[in-house]
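Student: Residue-level listing of the chains:
Protein chains: 2
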Amino acid sequence: MLYSFAERTKAMLSSPLHFMKARSARDSFISFAEELPAEELFPLSPLEAAAAAVISKSPAALQYGEPQGYLPLREWLCRDFKQMKKTEVDAKQILLTTGSQQAMDLLVRVYVEPGDHVLVEQPTSPGFLQILNMQGAVVVPVEGDREGIRPENLLKQMERTRPKLLLVSPNFTNPTGILWSLERRKEVLEICKARGVLIVEDNSYGDLHFGGIGMKEFYSKYPSLFTLDEAGKGGQVLYIGSFSKTVVPALRTGWAAGHQAMIDMMVLAKQLADWQSSHFNQCLLHELLESSPFNIYEHIRMLNREYETRLKLMTELLKRPAWKNISYDVPEGGMFVWLKLPDALDSLALLKCSMEKGAAFLPGSLCYSNEGGSGYIRMNFTHPGRDELLLGMNLIGEAISEFTARS
Amino acid sequence: MLYSFAERTKAMLSSPLHFMKARSARDSFISFAEELPAEELFPLSPLEAAAAAVISKSPAALQYGEPQGYLPLREWLCRDFKQMKKTEVDAKQILLTTGSQQAMDLLVRVYVEPGDHVLVEQPTSPGFLQILNMQGAVVVPVEGDREGIRPENLLKQMERTRPKLLLVSPNFTNPTGILWSLERRKEVLEICKARGVLIVEDNSYGDLHFGGIGMKEFYSKYPSLFTLDEAGKGGQVLYIGSFSKTVVPALRTGWAAGHQAMIDMMVLAKQLADWQSSHFNQCLLHELLESSPFNIYEHIRMLNREYETRLKLMTELLKRPAWKNISYDVPEGGMFVWLKLPDALDSLALLKCSMEKGAAFLPGSLCYSNEGGSGYIRMNFTHPGRDELLLGMNLIGEAISEFTARS
Numbered sequence: 001m002l003y004s005f006a007e008r009t010k011a012m013l014s015s016p017l018h019f020m021k022a023r024s025a026r027d028s029f030i031s032f033a034e035e036l037p038a039e040e041l042f043p044l045s046p047l048e049a050a051a052a053a054v055i056s057k058s059p060a061a062l063q064y065g066e067p068q069g070y071l072p073l074r075e076w077l078c079r080d081f082k083q084m085k086k087t088e089v090d091a092k093q094i095l096l097t098t099g100s101q102q103a104m105d106l107l108v109r110v111y112v113e114p115g116d117h118v119l120v121e122q123p124t125s126p127g128f129l130q131i132l133n134m135q136g137a138v139v140v141p142v143e144g145d146r147e148g149i150r151p152e153n154l155l156k157q158m159e160r161t162r163p164k165l166l167l168v169s170p171n172f173t174n175p176t177g178i179l180w181s182l183e184r185r186k187e188v189l190e191i192c193k194a195r196g197v198l199i200v201e202d203n204s205y206g207d208l209h210f211g212g213i214g215m216k217e218f219y220s221k222y223p224s225l226f227t228l229d230e231a232g233k234g235g236q237v238l239y240i241g242s243f244s245k246t247v248v249p250a251l252r253t254g255w256a257a258g259h260q261a262m263i264d265m266m267v268l269a270k271q272l273a274d275w276q277s278s279h280f281n282q283c284l285l286h287e288l289l290e291s292s293p294f295n296i297y298e299h300i301r302m303l304n305r306e307y308e309t310r311l312k313l314m315t316e317l318l319k320r321p322a323w324k325n326i327s328y329d330v331p332e333g334g335m336f337v338w339l340k341l342p343d344a345l346d347s348l349a350l351l352k353c354s355m356e357k358g359a360a361f362l363p364g365s366l367c368y369s370n371e372g373g374s375g376y377i378r379m380n381f382t383h384p385g386r387d388e389l390l391l392g393m394n395l396i397g398e399a400i401s402e403f404t405a406r407s
Numbered sequence: 408m409l410y411s412f413a414e415r416t417k418a419m420l421s422s423p424l425h426f427m428k429a430r431s432a433r434d435s436f437i438s439f440a441e442e443l444p445a446e447e448l449f450p451l452s453p454l455e456a457a458a459a460a461v462i463s464k465s466p467a468a469l470q471y472g473e474p475q476g477y478l479p480l481r482e483w484l485c486r487d488f489k490q491m492k493k494t495e496v497d498a499k500q501i502l503l504t505t506g507s508q509q510a511m512d513l514l515v516r517v518y519v520e521p522g523d524h525v526l527v528e529q530p531t532s533p534g535f536l537q538i539l540n541m542q543g544a545v546v547v548p549v550e551g552d553r554e555g556i557r558p559e560n561l562l563k564q565m566e567r568t569r570p571k572l573l574l575v576s577p578n579f580t581n582p583t584g585i586l587w588s589l590e591r592r593k594e595v596l597e598i599c600k601a602r603g604v605l606i607v608e609d610n611s612y613g614d615l616h617f618g619g620i621g622m623k624e625f626y627s628k629y630p631s632l633f634t635l636d637e638a639g640k641g642g643q644v645l646y647i648g649s650f651s652k653t654v655v656p657a658l659r660t661g662w663a664a665g666h667q668a669m670i671d672m673m674v675l676a677k678q679l680a681d682w683q684s685s686h687f688n689q690c691l692l693h694e695l696l697e698s699s700p701f702n703i704y705e706h707i708r709m710l711n712r713e714y715e716t717r718l719k720l721m722t723e724l725l726k727r728p729a730w731k732n733i734s735y736d737v738p739e740g741g742m743f744v745w746l747k748l749p750d751a752l753d754s755l756a757l758l759k760c761s762m763e764k765g766a767a768f769l770p771g772s773l774c775y776s777n778e779g780g781s782g783y784i785r786m787n788f789t790h791p792g793r794d795e796l797l798l799g800m801n802l803i804g805e806a807i808s809e810f811t812a813r814s
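Chains as they are written, first to last, in the working numbering: chain A, 1 to 407; chain B, 408 to 814.
Possibly wrong hints are sitting among the right ones.
Label pairs and their computed distance ranges (CB to CB) [unchecked claim]: (1) A467/B / T309/A: 21 to 27 Å; (2) G641/B / K10/A: 23 to 29 Å; (3) E75/A / E637/B: 50 to 56 Å; (4) L13/A / K623/B: 39 to 45 Å; (5) L13/A / N801/B: 56 to 62 Å; (6) L420/B / G234/A: 20 to 26 Å; (7) P558/B / G234/A: 56 to 62 Å; (8) I620/B / S56/A: 32 to 38 Å; (9) M709/B / T315/A: 57 to 63 Å; (10) A467/B / E356/A: 24 to 30 Å; (11) K623/B / E402/A: 57 to 63 Å; (12) S627/B / S4/A: 31 to 37 Å; (13) L420/B / K10/A: 26 to 32 Å.
Since the hints were derived computationally from the structure, they do not count as laboratory data.
For every residue, glycine included, the Cβ atom is placed at its ideal position computed from N, Cα and C.
Construct the entire structure; sequences and hints are all you get.
Tutor: Laid out in C-alpha cells, this is it:
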C-alpha cells in the first residue's frame, strides 16, 4: 500500500545524519561525530556484581515498575543534589527517563504546541533540535559569547517572538563546550522569570569537568539555573541529567527534575510513550550506586583525568600544520572541541572527503537552527583511544590539506 | 511560574487510572487491574547467567547501540517468525522498542495527524486509546462478536469516516480475550487492502494460549494478519510484539515488524524519542535466547499450563453466589477475563467499593473510546497467586453483594 505519513515526518527526513550513519557502519571507521564515552573505562566488574545481586535478591526487579521510575534511585538523586549541588529536591520532583533525549521529548510533548516559539542557545544539541522540529516548534536562535548566551540577544528575541521556553546547557554546552559564568546564569534566569519563560537546562555534561576541581567545588562555583531557582520550587527551570556519560549509556537512564506540577504532567506523557523505562536497569544502577564497592564520585574523577588527557592529545595534534588555520577554545570539560574552519572550507564537503578516507566528525550545521554553522565542526575527544585519535586526526588533516591546497 | 501546558495534555488528564494508582500503592492491596505476568515464574537463574556472560564478554553491550535495535536479536525474531509462524521477515523490517506501548506510540507519531480517523476494535487496550487521544486522533469504534470485529460494522464505519488505520489484536484481544476466526482475519485484511487502510496488529498476547496446543499448531490455525499479508511485504499490516509477557517486563523489549518503508520512518521517530532502547537489555535477551540453556518455547509452555490453572481457579470462584448474575466467556488464552455485570451495576461505583475493601479490577469504560463499557470489568488472572486470587475475589464478591442487596 501507499503510505501517507504525517506532515511532521518531513522535519525528520531532512537530516544529513542518515548518510553518515550508513557509511560509518564499517568497522575500520574512526568517528569523532558521536557522543560516546570510552567503553574501556566502563565499571564492568561492579556492574556484573550488581546485576547478579539485583536478580538474585527478588524477582520484583524484573516486573513492571513505576512509570515515574524506581523510588530508591530517585532518592539517591535527591541525596546527590543535596550533597554535591546544595540543592533540596524531593523524589516526587524527579522523573526517570530513557536518557536525556526522552526527558526533552516528553517536555516538548506536554508543553509545546505546533507553531510555538522556542528559544535555543545557538549552536545547540542536534538531537534536541530534531525534537523541536518534529513537534512543529518555531526554533529561535540566541547567540552568545564565551560566558553564555548574551542577555541583550535574549531580550531582543523575547520581544520579537513571545517564546514559550528557552533551551540551554550552561555546563559545557553541546557543541561549543562553553561554561557559562555565574553572572550570566543569574541574568538569564532573572530575564526568564520576569517574562514567564520556562527554561530547560540540560546538564548531561556538567559532571565531566577538568583541572582537578572537585564536584562540590565545581557546582558551588557554577550552580545550575535549577539550583539558583531553588530546585524548581519557583518552577522556572526544568533540569535534565543522565547516567549515560558518567556510568554507561546502555542502561539508558536519564532524568528530569522540576516543579512537581510539571513532573506530574511529564509522568502522564511517559506512561503513554512507553509505560516506563527499564525497571531492571534502574534497580541495577541503584544497586551499583548504593550497595556495591563502586564509588561513582571516584569513578567520575578517574574519567575526568583520562578525558582531560585525551583532550590534551587532541589539542597537541591540532597544532600540526594541516590544522593551522583552524581556531577553537579549549573547553574545561564536556566531550567536544568546537572548531572553526578556515573561511573557504565547508564542513559538509570536508566531511565527505574525510569519510572517504575513513574518519568522520559532526558538521556544525546540524547544531544550528537556521542556515548557519557550515564553517564549524564538532570533534568528540572522549571515545577514540590514543591510536584512533592519532590516525583519525591524520585522516581528517589530510582532507583539510587537500581542500586548502585547492583554494 | 504558571504553566500553560499543550492542548493535547487534556486528553491525558481525564483518565480515572490515576485515582487507582494512588490507592493501589499500599502493599496489602490485591489488584486484578493490571497486565502483570507472574513474577514467581520468571527465569531468574538463566537471566543472572546471561547478564554475567554479556557483561564479561565485551564492554560493547554497555555502549550506545543501534537505534533500530541489536541486530542479532532482530535476527532471532526473524527465525522465530520463520519457524513458528511460517513467515519470512528480514531483520531490516523489525524495530526494537521499549515495549509494545512504544511501538504503537511511534507508529501514531509518524502516521496519524490530529483530526485523522482511526478505527479500533471495541473494546480495546486502554494504553493504546490514550496514545490516540493525546495525538488528537478521532477514535472510531468497531463492534464485533465472538469471531472478531464484524465486517459489516467495519465497512459501515469506513464509509462514514475514511479512516487512516485500524487497530486490532486478533489473538486474545485486550480486554475481551476473543480469538478471531481465520475467516474473519481474511475478511478484515481484504477489506482494508481494498481501501488502503493500514492495520496495526498487536500480538502481545498470542503466545499465551491454553489447551495444550503447540506454538506452531496455534499459529498455523490462527495466522496473524501480518502473516496473511505475506509478512508485511504488501505493507498492509504493522505487527507489534513483546517479550514482556513471555520473558520479563522489566527488560522493556517489544518490537514492530512491517514494510521496510514504514519501519525506516519509525526508526527516525525512535531516535528522536529516546535515541534507542537499552542496548544492554537487548544483548541480555539475545544471550538468554541463544546461548544459555534456557529454552523460551519450553518456558512459554510452562507459563501456559500455569496460567490455564489460574484461569480455571478464577472461573471456579466465579460460580460462587456473589457472582451469579455476571456473564462471561472463558478465554482460550491471554491474561484477562471480561465480565458483564448485572444491569444495575456500574463498574466505577463497584470499583470504589472494592478498593475500600482492598481489591481492584479494571473498569470497562477505560477500554471504550466512547461512553460505553460501564457495565463491564476486566480481571487479570495471571498475576495473583492462589491465596491472593481467593481473597481478592472474595473482597470483590462482597462489594457486588452489597450493591445487589441494595437494588
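Student: The structure should be examined with respect to each hint, and the outcome stated for every one.
Tutor: Okay, the hints, checked on the actual structure:
1. A467/B / T309/A: 21 to 27 Å: holds, 23 Å
2. G641/B / K10/A: 23 to 29 Å: holds, 25 Å
3. E75/A / E637/B: 50 to 56 Å: At 51 Å between Cβs, range holds.
4. L13/A / K623/B: 39 to 45 Å: About 40 Å separates the Cβ atoms of L13/A and K623/B, which means 39 to 45 Å holds.
5. L13/A / N801/B: 56 to 62 Å: holds, 57 Å
6. L420/B / G234/A: 20 to 26 Å: holds, 23 Å
7. P558/B / G234/A: 56 to 62 Å: holds, 58 Å
8. I620/B / S56/A: 32 to 38 Å: holds, 35 Å
9. M709/B / T315/A: 57 to 63 Å: holds, 59 Å
10. A467/B / E356/A: 24 to 30 Å: holds, 26 Å
11. K623/B / E402/A: 57 to 63 Å: Holds, since K623/B and E402/A (Cβ atoms, about 59 Å apart) stay within the stated range.
12. S627/B / S4/A: 31 to 37 Å: holds, 34 Å
13. L420/B / K10/A: 26 to 32 Å: holds, 30 Å
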